[in-house]
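Q: These are the residues of each chain, in order.
Protein chains: 4
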Amino acid sequence: MGNDIPKNSNMEVFETLESEVRSYSRGWPAVFESAKGYKIRDTEGREYIDFFAGAGTLNYGHNDDRMQEKLIEYIKNDGIIHSLDMGTNPRKDFLEAFNDIILKPRNLSYKVMFPGPTGTNSVESALKIARKVTGRDTIISFTNAFHGMTLGSLSVTGNIFKRRGAGVPLADTVFMPFDHYIEGVDTADYMERYLADNGSGVDLPAAVILETVQGEGGINAASMDWLKKIHALCKKYDILLIVDDIQAGNGRTGTFFSFEPAGIEPDIICLSKSIGGFGLPMAVTLIKPEYDQWAPGEHNGTFRGNNMAFIAAVEAFRYWKNSDFENSVNEKAAYMAKEIERLIRTYPGLQGSPRGRGLMQGIAVGKENLASEICAEAFRNGLIVETSGPADEVVKFLPPLIIDKAGLAEGFEILEKSIQNVL
Amino acid sequence: MGNDIPKNSNMEVFETLESEVRSYSRGWPAVFESAKGYKIRDTEGREYIDFFAGAGTLNYGHNDDRMQEKLIEYIKNDGIIHSLDMGTNPRKDFLEAFNDIILKPRNLSYKVMFPGPTGTNSVESALKIARKVTGRDTIISFTNAFHGMTLGSLSVTGNIFKRRGAGVPLADTVFMPFDHYIEGVDTADYMERYLADNGSGVDLPAAVILETVQGEGGINAASMDWLKKIHALCKKYDILLIVDDIQAGNGRTGTFFSFEPAGIEPDIICLSKSIGGFGLPMAVTLIKPEYDQWAPGEHNGTFRGNNMAFIAAVEAFRYWKNSDFENSVNEKAAYMAKEIERLIRTYPGLQGSPRGRGLMQGIAVGKENLASEICAEAFRNGLIVETSGPADEVVKFLPPLIIDKAGLAEGFEILEKSIQNVL
Amino acid sequence: MGNDIPKNSNMEVFETLESEVRSYSRGWPAVFESAKGYKIRDTEGREYIDFFAGAGTLNYGHNDDRMQEKLIEYIKNDGIIHSLDMGTNPRKDFLEAFNDIILKPRNLSYKVMFPGPTGTNSVESALKIARKVTGRDTIISFTNAFHGMTLGSLSVTGNIFKRRGAGVPLADTVFMPFDHYIEGVDTADYMERYLADNGSGVDLPAAVILETVQGEGGINAASMDWLKKIHALCKKYDILLIVDDIQAGNGRTGTFFSFEPAGIEPDIICLSKSIGGFGLPMAVTLIKPEYDQWAPGEHNGTFRGNNMAFIAAVEAFRYWKNSDFENSVNEKAAYMAKEIERLIRTYPGLQGSPRGRGLMQGIAVGKENLASEICAEAFRNGLIVETSGPADEVVKFLPPLIIDKAGLAEGFEILEKSIQNVL
Amino acid sequence: MGNDIPKNSNMEVFETLESEVRSYSRGWPAVFESAKGYKIRDTEGREYIDFFAGAGTLNYGHNDDRMQEKLIEYIKNDGIIHSLDMGTNPRKDFLEAFNDIILKPRNLSYKVMFPGPTGTNSVESALKIARKVTGRDTIISFTNAFHGMTLGSLSVTGNIFKRRGAGVPLADTVFMPFDHYIEGVDTADYMERYLADNGSGVDLPAAVILETVQGEGGINAASMDWLKKIHALCKKYDILLIVDDIQAGNGRTGTFFSFEPAGIEPDIICLSKSIGGFGLPMAVTLIKPEYDQWAPGEHNGTFRGNNMAFIAAVEAFRYWKNSDFENSVNEKAAYMAKEIERLIRTYPGLQGSPRGRGLMQGIAVGKENLASEICAEAFRNGLIVETSGPADEVVKFLPPLIIDKAGLAEGFEILEKSIQNVL
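Residue numbers (our numbering), protein chains in the order written: chain Y, 59 to 481; chain D, 59 to 481; chain P, 59 to 481; chain C, 59 to 481.
No wet-lab data here; the hints were simulated from the structure. Warning: the hint list may mix true and false statements.
No distinction is drawn between identical chains; accordingly, a pair holds when it is met within one copy or between any pair of copies.
[Claimed, not checked] Taking lysine to aspartate or glutamate pairs in the EDC-like style, the calculated list, with each CA pair at most 20 Å apart, reads:
{"id": "1", "residue 1": "Lys94", "residue 2": "Glu356"}
{"id": "2", "residue 1": "Lys346", "residue 2": "Glu323"}
{"id": "3", "residue 1": "Lys150", "residue 2": "Glu468"}
{"id": "4", "residue 1": "Lys162", "residue 2": "Asp350"}
{"id": "5", "residue 1": "Lys94", "residue 2": "Asp136"}
{"id": "6", "residue 1": "Lys190", "residue 2": "Asp283"}
{"id": "7", "residue 1": "Lys463", "residue 2": "Glu399"}
Note that the structure is a prediction, hence the values are computed from the model and not measured.
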C-alpha cells in the first residue's frame, strides 16, 4: 500500500501497542466505526464504498438486518455461545440448512467437518485427511496459490515472502504451474508429464489443492477446461482433489461453489470467510463420505462451534433458495467486466489487462507500484480497494455481492478519478 | 467418554450430516440450548452444572450480563463486525485496556499481535517469530504438551494419536521431560545435560514452549522452581521462552498469567480461549518488543480482527481492576483442593491422586476407563466434566471462575454420587 | 533384465546368502573371473565384450598393465594402504597430477575435497557446502536425475521407485524439467519463470545440480545451449551450480569434464567412478576456492584416503597429457553414432531413437520390455550391455574408452544379432 | 589436535590444493610412506607406534603378509577388480567364509547386503530397510552417537558441529540418553517411560540404532545389562534394533561382534572399517532374513563389489577359526586397562577416568585441551593416538588387534612421557 498517506493521530495506539506485523491499518490509516451494506464510515465521519468486503468475508454486506435481528435475539435469550462440537440448535440448523439449500439441489453429498473457525484450519484438516486416506505425503499445489499461514497451509502457499516467514523448510509439497502460467503451454498436460513419468522426482501425491480463482495470487481464473482436465488427472492417478473455495466460494463467482460451471466434484472442499454470513469466524471442510475416515477427535479446536456464526450462516442461505441472487451477481459481474475493459482502453498508461470472473475481478497493471498508488489514491477518494498478486501488480475488486448498480458505478467513478490522478 | 449412554434421537442430524471427527457430541449426547453463569440447559429442559467451561474458554461464565448488553448495543449501532487488522474502536479499546489493566500493573511490556482467532494460530505465530529472530529451527517442547492441531502446533504436541493425524512426519521438535515426568529426576537438570553437551544430538533450539499447567496432558502443574530453572536455562543458552497460556492463563490458576507466581517473564506468550471473554473466537500473541521483528503482513489471517470478541474482552478486564476476583478464585481453588483430597481419601477404589492448581485441578485415577465412566455418570446426573491425560486417566475440573461456593458444592455432590455409582 | 535366463547353479550362493537387493547378478547370472581391456571372462570360460564398463567406472578398461604394475609395487613395498586424510605420497601425487594435467591446462581452479570414496559421498558433500555457503535449503534438481542412494543424494534423484525406498519424505528439493523434457518448451525459460516469480512456491535455491548427460535417467544429453542458459540463470540469481560428472566425466563424452564444450565453469563438481582409474573406490568434490568454506572435519569419512586408488588415478592421467586419447574417443563416438543410426533405420520394429553423446549413447526403443529382452539376449551372445531410463526403455552403450574399433564392431555385431533374435 | 606443531614443508601441497575440510593432516603434519603391523614410517624416516589403526579400520595391522600375497596374485591374474554386485569368485568366497566362520558358529542367521563400501552407506541402508519394513519414520538414536556424514546417517549422529554441516534440519530422529548419560538414572527405564506414554511426543519408532561402545562419542561403553534392556524394549514395542558395529565390531572389543557378551541378536547389523581386512573400502549390512524385504536394486551403489576387499576379508577370517585371537585380544585389553588405571593414579593432574572395553579404551581427562595436548606431544614422541568425545576430552587407544605386548608397552611408555611433558 502507498507510503505517502498523511499521519492520522488516531493510529498511534496501533503503532505503539500492536505488533509490527499489522498491515491493513498501515495502508488504510483510519479508525473505522460502522458499516452497512457496501458502505463503511470512520470515526471522522468519512464514508467509503467497499470494494474489498473483508477480503471476501462480507459477500452479504455489512450488518444485514435479518442477521442482526437473529443474533440479538439469540444473545438476549442466553443462547449457548461457545460449545466446541457439542450439539446445539444453531449447529443443527446449520447442518440441515446447508444440506437442504446448498448440497441437495446441486446433487452433492458431503460430510461436514468443523475444523476450527478459520480458513487455514480448514486447509490443514483437508491436507490431514487426504494424507491419512491415501497414506501418501506429497501435496501438489500451484504457482501463486494462497491457502493460509499455519505451517501446513503455508507449505502449499506460493508467496516466497510469506513462506520464508515459516523459519523452517516447508516440506512435502510440489508447485505445478497454474492455468495460463506459461504462455503456449497447456499446464495440465505438463502436470501429467510429471505424473506419468516414473523418473520425474514427483512422488505420487495424496492430493492436488487449488483455488479456481486465485485471490491473493493475482485474481488468476482457471478455465473450466483446465479444471476438468485437472479433475480427470486426479481420477486417473487416484489422487484426491481439494478445492479451496474460501475466497472464490460462497457465491463470489456467481455460483455458490466456484467450480460448478466445470461440472466437477472435488473430493474435499474448504469453505470459510463468507460462510459465516455476518463476518464472524467460521469454517467448514466438506469431505466425500467415503473419505470421512477420521477417528473421533483426531482433529479438533476450541472454536469449532461458533454458534453466532451458525445463526448468521443459516440466514445467509436464504439468498440461495432461488436463482435471483445468482442472476444478480452475474449481471453485476458483466457490468464490472465492461467497466474494467473501458478503463483499460481509456487509460493505456495502465498497460492494463483484465483478470478474474464473477465479482472477483481486477486489473493487472504494467508498472511497478502503480497498483499500490491507485489503491492509496482511491482510499483518499473514498473507495476501499486493495492490490493482489506476487508483485502487488493487480488492483482487485471484491465488492459485497449485495452491492447495487449505483454502488458499483460510484466505486468505478472514484477508481477512474484515482487512476487519472495517479497517471 | 463412556459408551453406555442411551441413544438420543436429537443427535441424528449430527450423526448423519457431520463428519466422524466430532467428539463432544458423542460423550454428551444432548442438544444444548441456553446457559447462564455456571449452568447449562438442554432442549429437553435438563440443567447441568458446568465444570468444563468450554475447555477453559468460559472463565467468566456463560452470558455475562454486561457483555451481552455491550454486544447487543454494538450490533444495533451497525458497528464494524469484521475488519482484519484495520483500525476499529473495539480493537483500539482492547489494546489500551489490555495494556493499562493487565500489562502495566504487572510491569510487563509486550507488543500485541492478532494472529488469527484461535489458539493454534497464536502458537504457530509464536514458533514463526522465534525461528525468524534466532535463525534456528528446533523447538523444545515437553512430554504431554498440547498446543494445537495445525501442522506447526501439532509438531510440538505430545499426543501420539493426534500427531499421527498429520499424515507426515512432524519435524524440528524435541520433547523433553516435563516437571515430575520421571520419579527422582530433576528434569530441568536433565534438559541442561542435553543443552550443555555438544554431542547430545539436540541442536540449539530457537525456543522452548511450555504450559505451566498441562490441561489436555493430564492437569500436570509445573512447580514454580522448575519454571524458574527453565527460564534461567533459556537465558543462559540464549533460547526464547514461549509460555502457552491459552488454557492456564486468563486467571484460571488464580493470577491473570499462570506464570506470575514464578516471577518469570517469558519472551512470547500465547493467549486465547477466555481472552475473548464471552466465548467468541479470539487469540493474541504477546511478543517482547525487542523480538517483534515481523515484516508487515508476514503472518496474517482473515479473522484476526473479531470486534465482537474485543468488546467482550474489554468487559472481562473489569474483573482485573482490583484483587477481589483473584482472591475469590484462590479461595475457591482451596475449597476444590480440599474436596479432591476428601474424595481420594473416602474412595480408595479410585486409587486417586490430586492434580493441578487454581481452578484447574483434577483427580488421576488408577484404573483404566474409570475416569471416563465417572464423567459419563456425572453427565447423567447433571454435571458436565471431562477427562484428560494421555490415557484419559484424569477427571478434570474446570468450572467457570465466577462460580460460587454453592455451585462448586453442588458439582462435587453430583461427582461424589457418580463415583459411588461407578465404583 | 530378462527373466527367461536359465538357472546357473553357480549363483546359488548369492541366492542363499545375499540380500534380495542384489540386482546385476540376477540379469547376468554368471560368476565372473577375469578381465582385460574390454573383455571379461566367466568361470565357465565364456568371454564377453564389455559395453558396460562397470557403469562408467572402467573408462580405462580392465586391468591396465601399468596400473597393475604400480599397485603391485606399492603393496610389495608395504606402502600405506589406509590413511583417512593423513598425508601420504600417493595422495600428494594425485593432488599435483590432477592440478597439473587436468585443471591447469583447462584454466580451472578448484580446491579438491576427498569426501569418502563413492559418488554419493561426493554429492552429499556438494549439497552440504552449497547449503552452508548460501544459508539456503532448497536444491533444484531435474527430472530423471540420478545422484545416489543415501538420503541427501536420493532427495535429488528422480526415480520414484528408488525414492520410495527412503521410507521417509524427501525434503528440500524441487524437480525442474530437464532439457527436451516437454516438447516445444524451452525448459530453461520455464525454470526462470519460477525463479523470477515471487509467488511461484519455489524458494530461492542454494544450488542447481545436474548431469550434462543423464546416465541412469535414459542417456538424456543436455544441449550446450541449455547448459549455458542454466549456468547464466545461476549467475543471475546467485545460485551455485553443481555438475555431477560422476558418470559423464572422466572423458566419457570426449572431454575430461563433460561440460567443457559449453564453456561453463560450475561452482562445484562431483567426480567418482573412473576417477580411480582401476575400478577402485574413489571420489572427489571440486569446489571453487571462494566456496571452500568448510571447517576442518565438518565432513569426513573413514575411506576418504584410498591410496591404491590414488596410485591408479595418477596413472590414468597419462591419457590426458596430450589430445590423442580425446581424439580417439571422439572418433569412436562418431562410429557408434553411425552404428546406432544404422540399426534404428534397419530395424523399424525397434521404434528406436538415438540418445546421448561421446561414448555414452543409447537407443530408446518403443515397446515395453523390448530393451530388457535385447540386453538379455545380448548377454547370451557374449555382450554385456544394460538398460537405462525410467521405464528401462533405453539400451545403453558404455564401453571402456580404450576399446578399439574391432571391439566396437564386434559388440555391435552381437547387438544386431540379438535384436534380430528378439524382434 | 595441538596447534603448536612445527610447520612441515612437505605439507604445502595439501594446504594449497586440498579443501579446508582436511583434518588429520593438520594434527599429524607428516607424509606417511609405509607401514607394517603396528608401525608406521614417514618420508623423513621417523617411525611411529600406531594406537589409532585407521580409526578402527586396521584391526589386523598394516600390510598383513598373506593378504599382500593374495592381492598381488589376484592382480597378476587379471582378476575382476570392479563388479558392482555381479557374481565373482571373491564375492562368493566372502559370502561363504562369512557364513561358515563368523555367523554359523555363533548361531546367527543374516542375509548379507553390500550397500556400498563405506560405513555411512551401511547405516543409510539399515535405516531405509527398517523404515520400509515397519512403515514408520522415527529412528531412536543416542546421545553422542556417531553413524556417518551423509544426510540419513548424520540425522542419527549426535555431534552438533557435524549436524550443523547438513545445512538443513535433520528430521525423523529422537536422541535418547545413552547408558550412564545421567548420573543415577537408568536410561533404559527412562526410554521406556517415553515409549509407554501415549502423550510423550515420541512416535513409535521404526528402529533403535546404537553403538555398544561409542567410538567418536567418547569411548562410552554400554553395560551388557543396558544392552539387554534395550533389546527387550525393542522386542516389547516391536521396534527393530540396529547395532552399528562399524568401529566396535570385527573383534575390537574381544569378540567378533561387540554385542556377543550381552547375548542379544540385533535385527540389523552394520559392519565396515576392518571388515575389509587390509584397509580397503568395504561395508556390509546384515539383515535378519524376515526383514530382508528389499526389491532388487532398491538400494545400490557403484562400488558395492570391491573384490580386492573381499579377498583380504576372507584372509582376515582365518583369525576367527579358533579362539586364540580372541583370547589374545582379551589379554591385551586387560593389560591396557591396568596401564590406564596406573596412569590415572600416578598423574592426578589428569583428573582422569577410564573409558571403554576390549582394545577400545581411553582416558577422559578433566581439563580443557589437555587431551589434545597429550596427543600432539605423543605424536612428536612417536605415537599416533587421537582424541575423542564431544569436547575432545578423551585420549583414545585403538591399536591394531595384532599388536604384541612389547608394542603396547612401548606405546604406553611414550604416552607416559608425553603426559609428563604436558602436565
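Q: Decide, hint by hint, whether the structure agrees.
A: Against the structure, the hints:
no., hint, in the structure
1, Lys94 <-> Glu356, "neither (40 Å within a copy, 30 Å between copies)"
2, Lys346 <-> Glu323, "within (9 Å within a copy, 47 Å between copies)"
3, Lys150 <-> Glu468, "neither (41 Å within a copy, 31 Å between copies)"
4, Lys162 <-> Asp350, "within (18 Å within a copy, 49 Å between copies)"
5, Lys94 <-> Asp136, "between (26 Å within a copy, 6 Å between copies)"
6, Lys190 <-> Asp283, "neither (30 Å within a copy, 40 Å between copies)"
7, Lys463 <-> Glu399, "within (17 Å within a copy, 70 Å between copies)"
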